Structure formats: C-alpha cells, structure tokens
Amino acid sequence: MTTDAAAPSLFGRLAGGSVLPLATVLFVVLVVWYGAAIALNAPFARAMATDPAGLDFAGLVETTLSQERPVLPAPHQIVAELKKTVVDLPVTSKRSLVLHGWVTLSSTLTGFAIGALLGLLLAIAIVHVKSLEKSLMFWIVSSQTVPILAVAPIVIVVLGAMGLTGLVPKAIISAYLCFFPVTIGMVKGLTSPDRLHLDLMRTWDASPSQTFWRLRVPSSVPFLFTSLEVAIASSLVGAIVGELPTGAQAGLGARLLAGSYYGQTIQIWAALFAAAILAASMVGLVGLVERLVLKAMGGRR
Amino acid sequence: MDISPSAVPADAETRASEHADYGRVVIDARGLNLTFDTADGRVDALSNVDLTVREGEFVSFIGPSGCGKTTLLRVIADLEQATGGSITVGGVSPADARASRLYGYVFQAPALLPWRNVLANVTLPLEIFGVPAAERLERAHRNLALVNLDGFEKKFPWQLSGGMQQRASIARALAFDPDLLLMDEPFGALDEIVRDKLNEQLLKLWAETAKTVIFVTHSIPEAVFLSTRIVVMSPRPGRIVDVVDCDLPRDRTLEIRETPRFLEIAHRVREGLRAGHSYDD
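If you read the protein sequences in the order shown, they are chains A and B. Quick note: the first sequence uses our numbering, first residue 1, plus one each step. Quick note: the second sequence uses our numbering, first residue 1001, plus one each step.
In short, the hints are calculated from the structure, not lab data. This one's a predicted model, so the numbers in the text were calculated from it and none came from an experiment. Be careful, since some hints might not be right.
Capping the alpha-carbon separation at 30 Å, the derived lysine-lysine pairs in BS3-like fashion look like this [claimed, not checked]:
| no. | chain 1 | residue 1 | chain 2 | residue 2 |
| --- | --- | --- | --- | --- |
| 1 | B | Lys1154 | B | Lys1204 |
| 2 | A | Lys83 | A | Lys94 |
| 3 | B | Lys1155 | A | Lys188 |
| 4 | A | Lys94 | A | Lys84 |
| 5 | B | Lys1155 | B | Lys1197 |
| 6 | A | Lys130 | A | Lys188 |
| 7 | A | Lys295 | B | Lys1155 |
| 8 | A | Lys295 | B | Lys1154 |
Partial list, derived from the structure: chain B residues whose beta carbon lies under 7 Å from chain A [said to hold, decoys possible]:
| no. | residue |
| --- | --- |
| 9 | Leu1079 |
| 10 | Ala1099 |
| 11 | Phe1107 |
| 12 | Ala1109 |
| 13 | Pro1114 |
| 14 | Ile1128 |
| 15 | Pro1132 |
| 16 | Ala1133 |
| 17 | Phe1152 |
| 18 | Lys1154 |
| 19 | Trp1206 |
For glycine and all other residues, C-beta sits at the position ideal for the given N, C-alpha and C.
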C-alpha cells in the first residue's frame, strides 16, 4: 500500500527515497574524515620522513593514509582490516572478528533475553500493584544512574568468586542495562488503553486477566518494540563493557582493549565498526519483526 | 418558571404505567442522586431523579451538556455509582445487572479495537463470556448482517467510515443478545445525512429485536424520531424537567418529521429544554 502512483525516473526515486540523502551524508563524512586523517597523521609522517622539507603534498597524503598505527586511520584502512579479520582469516583464528563478534553477540542476546523478560515482569507487576510503582520505580531509575563501568568489574569479580565466568557475568551486565527501557516502555504501554476501552471491558464484566490479554497487551505492542530496539542496543554496550574487566580474553570489547594496549588504532576502529554493524543489524531485525507484527495487527494504527 | 423536579417524573411514571403494551419494569430509579467532588467543589450531576422504563420502550435522554444524561446512563450501566436514592436494572442492582450481561453499551466513539478486524471486534464480548467458537462466528455474522455490514468482516476499523464503525460497534453490543441497549450519543460524531440513515436503521433494528433502548442525545429531531418517550433533562443540578410521550406510529420513516404531530412533540421538548435553561445562562 505505497502512495507512489507513477514510476518516476531513477534520480527522482533516489531523491524521493532515503538513498540520496544517506549517500550525501556518507560522502560528506568521508571527505571530512580523510581531511582529518591527513591533518592528524601529518606530524608523525613529517617526523618519520628522512627529508621533511622534501616531502611534497602528494607524498604527505600517501604516508598519512598508510601508517601502521595512525592517530586516525583512514576509512579504507579500516575496511581493509575488517575484510582481513572477517573474511580472510578463518573463524577459528584468534584475530577473527567473526569469532570475537560471536562471543559478544552470544552474551548480548542472552543478556537481552534476561533483561527483556525481567523488564516485562517488572512492568506487569508495577501496572497491577499500585504500591509497587511508588516503591520500585525509584530504585529502577536509580539503578541506571550508577555508571556501568563501575558496576561491571564488581559483577565480574563477585560472580567469578561464585564460580561463574564467561558468558553469564557479561549477560548479567547486559541485562542490567537493557531491562530499564523495557520496564519504562511497558509500564507506559500497558497503561495506554484509553478510558473508553476500559469502560467497554467493564460493561462486559471482563476479568482483570481478560482485560490484560485482550486489551492491555495488544495496546502495548508498539511500546514494546520501541523499548526492545533501545534495549538491544544497550544490551550490546553492556556486553562490551562486561568484556573489559576480564583482561581482554575474547569479544569485541577485548579487541577494543587489546587495541588500545598496543596502540593498534586500526584494530580499535575495526572492532568499533563491527560493534556498530552488529547493533544496527539487531535494531534492524527488531524493527523488521515490529513491522510484521503490526501488519498482522491491522496495519495502520 | 421553575418546574418542581419531583412533580413531573411522578406524573411521568403514572403515564408510563398506563402503557399497557409495554412489559415489566426494566429500570426503576427512585430519588437518584450523584455528586462528584471535584477540585472546583461539589457538582450535582444527578439530583432527585425518578425514572421508570419498561420492557420494549425506546427512551431518549435529551438535554444540554452537563445535564447528567450520560451520567444517568452510566449509573444504569454501573460505570458510575449513585450517591443517593435507589435504582434497579432488570429487577436487580446495576452491578448485578452488569455481571449478568443484561445490557449492551454503545459509546459515542465506536471504540473498536484497532488490531482486531470487524468480525473479531464483534466476537470479542462473546470470547469474554466464554461462548464456543462456532457460535461466536454464527452470532457475529448474524448481527453484522443486521447492521448491513455483511462482507466487511475482514476489514480493519481504519478501513471503515465513521458510520460503518459505529454500526460495527452496535453489532458488537447486540452480539450477546442483551435485553437492554444503552446508547450514549452513538451518532453524535457523524454528519447529518449518515445520522438520518442510521436512525432509520436503528428503528428497524429496534422493531426486529424488540429490545429496550435507552438513547442519549442532544438532538431534538433525533429524539422525537426514535423514541417512545423522551426524558428532558437540565443541568446544575442535573435533573429531569419533563417527560414527553412520543405517540407517533411505530413504523416511522424520515418523512414523519414534517407532520404536525412530530413538530408538536418537538416543540414541547424544546419548551422543556428552554424552561430548564431559564436561569443564569
């Protein structure tokens, strides 16, 4: 059910859609990035040159964009690193970003599942028990004001002492971050039915559970997906932060940490991009499910 | 110009009981009061309301906004509770009447659930009552046919016009075959042409189903066209100022609105509304 009536020219379609605006922004970003890379890497290039005075502009550009540990790597260096660590290296390699990405992804998804479930249960409890809103809401909001970087090592150490290492502590840190948007969104969603619909259920003498399943839950679906999109992105942040205190064993967080230990800026940026791509795909996936569900629920709302 | 609030309904009651063709008492209110405590102080939404409605009647509540007509309907439906007086619905308290699903309620807005198609909206009350699936479908189809919505079962509410949505909500209210139909300005948001058409359909439906209908409106022609009795109400405090018998023939067409008898009744209703309004505003 699109509104496009006639088929416009290719350019018209590009300009009308989101491709051209996105491409324009990408182009501007790339230009600024290359400019910044040249400017930021130039001092080192000059220092290393055997004859700084004899270094012409073309030579300067060439050396600034091909350093092994640049202050700011050029986009093509990051792409090359990504290609090497994702495509070229076998998955079993310790430098494979697929391996590290999978480690992070598995704790992200586990944490997301725990956090979303916890967030849902909290929201349901808060909506049904009035006193819980007063008693719990304060602590729920407070929990998010504590810097996760400070909490993460404590969780790792405490759970480590209890014999839990690897995926579980990281998933718990993820869950700690991602339950919050789900609780807030679902409290709003479950209380979103308007007076009229609640009155209607009342005229039928519907039980609280009938009202919950037939009115509150369907009303909350748009809120649910919005919170899940935020939650899954937070969950990834939680998983990466959870990988830092363990001393860089595995995961995208470990790659970030190792990269910063050894000044491997290209590696840091590659891990950063891998994390961004992962986050974007997960948010996109949630958005896709949302579209399908909302379509099944009658389309336009 | 003040009309004593209690004198008129007492008169109305004797008149109502003269109607031999109407059956047992469905609604019986005695000295009903309802006060809301708001931030601006006490509001007398209903003051000393006496009303008797018998089986098979079509009674309209008419009056300006704030006269308590919707509040009275909501008290009958147990959506509000009276603070004084007594009321029975179907011989029991409004709460028991609601619990036994005695009435179907049609709101001013269609209030269809947007994620359910027309058919699923109509079967919703039946689902809640635990009616078996096959019977749910049969009843929904029958009632959608009754409001001329057959063929629209799979449409979602947003794909329907306002008038069609309201018809679907009437089908939903009728789906579980309640004895009493409570309608709160159901056509208030629709344009006049659609409203006329739905009024005709509603009369036909009333004749076919023999339900008792309570109908809230602020349109005099609508009230006179539809009703067997018109309860004229007035605000501050919300009260009944007149009860007008509407003795037009039962099988009415829109043309009846030009007859002298129709205009006569409409005039009396207008006089009642004016009398209730005779002070400060």
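Legend entry - Agreement of hint Pro1132/B with chain A interface, Cβ distance less than 7 Å: violated (17 Å)
Legend entry - Holds or violated: Lys1154/B to Lys1204/B, with C-alpha atoms at most 30 Å apart: Holds, at about 25 Å.
Inset, instruction - Would you settle whether the hint for Pro1114/B is holds or violated, based on the nearest Cβ-Cβ distance to chain A being less than 7 Å? - result: Nearest chain A Cβ about 6 Å off; hint holds.
Legend entry - Per-residue hint verdict: Trp1206/B, partner chain A, C-beta under 7 Å: violated (20 Å)
Inset, instruction - Identify whether the interface hint at Phe1107/B stands, where standing means a beta carbon of chain A within less than 7 Å of its own. - result: holds (6 Å)
Legend entry - Straight-line alpha-carbon gap Lys1155/B to Lys1197/B, limit 30 Å: Holds, at roughly 22 Å.
Legend entry - Pair hint outcome, Lys295/A versus Lys1155/B [Cα-Cα no greater than 30 Å]: holds (13 Å)
Inset, instruction - Grab the minimum C-beta distance from Phe1152/B to chain A and call the hint holds if it beats 7 Å, violated otherwise. - result: violated (14 Å)
Legend entry - chain A contact restraint for Ala1133/B - C-beta distance below 7 Å: Nearest chain A Cβ about 15 Å off; hint violated.
Inset, instruction - With a cut-off of 7 Å on the beta carbons, see whether Ile1128/B makes it to chain A. - result: holds (5 Å)
Legend entry - Distance restraint between Lys94/A and Lys84/A, which requires alpha-carbon spacing of 30 Å or less: The hint holds at about 13 Å.
Inset, instruction - Measure nothing beyond the straight line between the CA atoms of Lys83/A and Lys94/A; if it is 30 Å or shorter, mark the hint as holding. - result: Holds - the C-alpha atoms of Lys94/A and Lys83/A are around 15 Å apart, at most 30 Å.
The structure is inconsistent with the numbered hints 15, 16, 17, 18 and 19, although it conforms to all the rest.
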